[in-house]
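S.K.: Chains S and C supply the protein sequences, listed in that same order.
Heads up, the first sequence is in my numbering, so the first residue is 936 and it goes up one at a time.
Heads up, the second sequence is in my numbering, so the first residue is 12 and it goes up one at a time.
Don't read these hints as lab results, they were simulated from the structure.
A couple of the hints might just be wrong.
[What the hints assert, rightly or not] Subject to a maximum C-alpha distance of 30 Å in a straight line, what follows is the list of computed BS3-like cross-link-like pairs (lysine-lysine):
id, chain 1, residue 1, chain 2, residue 2
1, C, K135, S, K1114
2, S, K1181, C, K151
3, S, K1123, C, K135
4, S, K1123, C, K146
5, S, K1123, C, K213
6, C, K213, C, K133
7, S, K1139, C, K146
8, S, K1181, C, K135
9, C, K105, C, K151
10, S, K1161, C, K213
11, S, K1181, S, K1123
12, S, K1161, S, K1093
13, C, K105, S, K1181
14, C, K105, S, K1123
15, C, K201, C, K151
16, C, K151, S, K1184
17, S, K1184, S, K1166
18, S, K1139, C, K105
19, S, K1184, C, K146
20, S, K1139, S, K1184
21, C, K105, S, K1114
22, C, K146, S, K1114
23, S, K1041, S, K949
24, C, K213, S, K1181
25, S, K1114, C, K213
26, C, K141, S, K1114
27, S, K1093, C, K105
28, S, K1123, C, K201
29, S, K1181, C, K146
30, C, K213, C, K135
31, S, K1184, S, K1114
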Amino acid sequence: MNQTTESAVIDAAKTRRLQTIIVWCVIVLCGILIPSIFFRSYNTTGGFFLSPFPWVIVGGMTIEHGLQMNSGTIPEIPSIATQLGCLGSILIVFVIGPTLFFFGIKSRAVERAAGKELSVFRWSTLQVVLGGMVTLGLALISIPTAIIQREVSSNLHKAQTEAENRDAILYEMNSIALKLYEYRVLPKELGGGSGSFAGFTLGKDLSTTSDAQYTLELQDTLAIAKATSVKYPLGTVTATINRQAKFSKWQFSELFN
Amino acid sequence: MIFRWLFGGIILVSLAFFIPARSVDLWPSLNAGGIAALLFMIAMLGYILRAPIPISHRIVIGVATFLSVAALGAHWMGMLNTTQWQQNRLLSIKAAIVRGTMTSDAPIRLLSVLEDYYAQPKPKKRSLAKVFLQKYPEAKVGSNIYESSVGEDSMRVFVTTLSDSIVVLTGSHAYAKGRADDFVPYWGRKGALQERYILTEKGVRHESDN
């Protein structure tokens, strides 16, 4: 009787050790497989994908569509495989992973409360391991990722808004050059300079706009235009305009360089 | 019980994902699926976070989940706003470049014609159209006078009116987007931008059609 009990205890201990090894194998395997599936490179031309951040992939598609439209190509509707990849990613990240993880936690709490002798290799362990790989992995990287994304987005907005302001200034300086050319060409009876820049003044609509303030220094056959950004007072552009409204000697302040 | 929740969650999110009509833009589907997933997670946590899980564990799990979901949501929304803004910027930059190129090309051609017109000794004999044709002998109404300096270009500057007292050049682009999507341009895709430059004896007037 004693021998039988002792042998049963030894068998149980062996089984427990084997179960622990299997559980660790599953953990290591999941640790390798899940990230490799999630982080494999996605070819933006389409096809199935799985990503922990499907919105990043869809964001990439949005930019790609913008570039296509910019080059005159009409973007195509994403394939069913791409859509399923997107749906699959949401399901893994927000449904399957958390459900396995949280139900695993609940099962373990119930088992513990019942005072059962627990085997390592049990369903609730697998649930917690598999679900935890996804849920805890994402939880750990979610906050720094969100902060980095916000920073990148903010810098991008700032840079592009400055570039937009500079482009608007260049466009308006071109309009000033055309007005100057027109003035020089028109005869005096039509409000022109009859071959000269003398007497040209920037009207209110040309001297101050929502983008910049402009000044013009007239010389014999040239004019020097200077723009000072209204939105970014450190942003200035200076250029020389010739008799045919052609620009030369561009000078940009550091902000617009 | 877990399988009911899994099955229910998958069905709910899948249905929500396919509610928006299939289009080029995947964001509506993704957002609908995301909202359904969020509702599912709230309901599931409400079910899970009960006894026998200790209260302290419930609080930790609840707070950690809230923070993670909030961060993921912020990342998601940030990506949506940034990429859509960038897409619009790409299109508006294209339009700005095309308008800039047109405005530094067509009006100068017309002002050059005006210069020659007024340079004639009095009394003037040649009309605006004649001076224009002297500079562009091949031009006629409907012809393109723009020559790209960078090879193939989708921009055109058409002569659309050519008379003694008025010359109109219409700048079009094959696909660069203008302000109104339903605008039918002189040339190019519906909704493409269009600028007009009108030369009279009084000077050059610019009208932005789209």
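S.K.: Run the distance test for K1123 (chain S) versus K213 (chain C): straight-line Cα separation, threshold 30 Å.
M.R.: It holds: about 11 Å lies between the C-alpha atoms, which stays within 30 Å.
S.K.: Would you mind confirming whether the straight-line C-alpha gap from K213 (chain C) to K135 (chain C) stays at or under 30 Å?
M.R.: Holds, at roughly 15 Å.
S.K.: Between the alpha carbons of K1123 (chain S) and K201 (chain C), is the straight-line distance 30 Å or under?
M.R.: Roughly 43 Å separates the two Cα atoms, so the pair is violated.
S.K.: Is K1184 (chain S) close enough to K1114 (chain S), meaning Cα to Cα at most 30 Å?
M.R.: holds, 19 Å
S.K.: Going straight from one Cα to the other, do K1139 (chain S) and K105 (chain C) come out at no more than 30 Å?
M.R.: holds, 29 Å
S.K.: Could you grab the alpha-carbon distance between K1139 (chain S) and K146 (chain C) and see if it respects the 30 Å cut-off?
M.R.: violated, 34 Å
S.K.: Hint check: K1139 (chain S) vs K1184 (chain S), CA-CA at most 30 Å. Holds or violated?
M.R.: holds, 26 Å
S.K.: Has the given pair, K1161 (chain S) with K1093 (chain S), been kept, meaning a C-alpha gap of at most 30 Å?
M.R.: holds, 23 Å
S.K.: So if I understand the rule, the pair passes when the alpha-carbon distance is 30 Å or less; does K1041 (chain S) with K949 (chain S) pass?
M.R.: holds, 28 Å
S.K.: CA of K105 (chain C) to CA of K1114 (chain S), is that 30 Å or under?
M.R.: The hint holds at about 25 Å.
S.K.: Run the distance test for K105 (chain C) versus K151 (chain C): straight-line Cα separation, threshold 30 Å.
M.R.: With Cα atoms ~29 Å apart, K105 (chain C) and K151 (chain C) stay inside 30 Å; holds.
S.K.: K213 (chain C) and K133 (chain C) were given as a pair; does the straight-line alpha-carbon distance stay at or below 30 Å?
M.R.: holds, 17 Å
Hints 7, 14, 16, 28, counting from the list given before, are not met by this structure.
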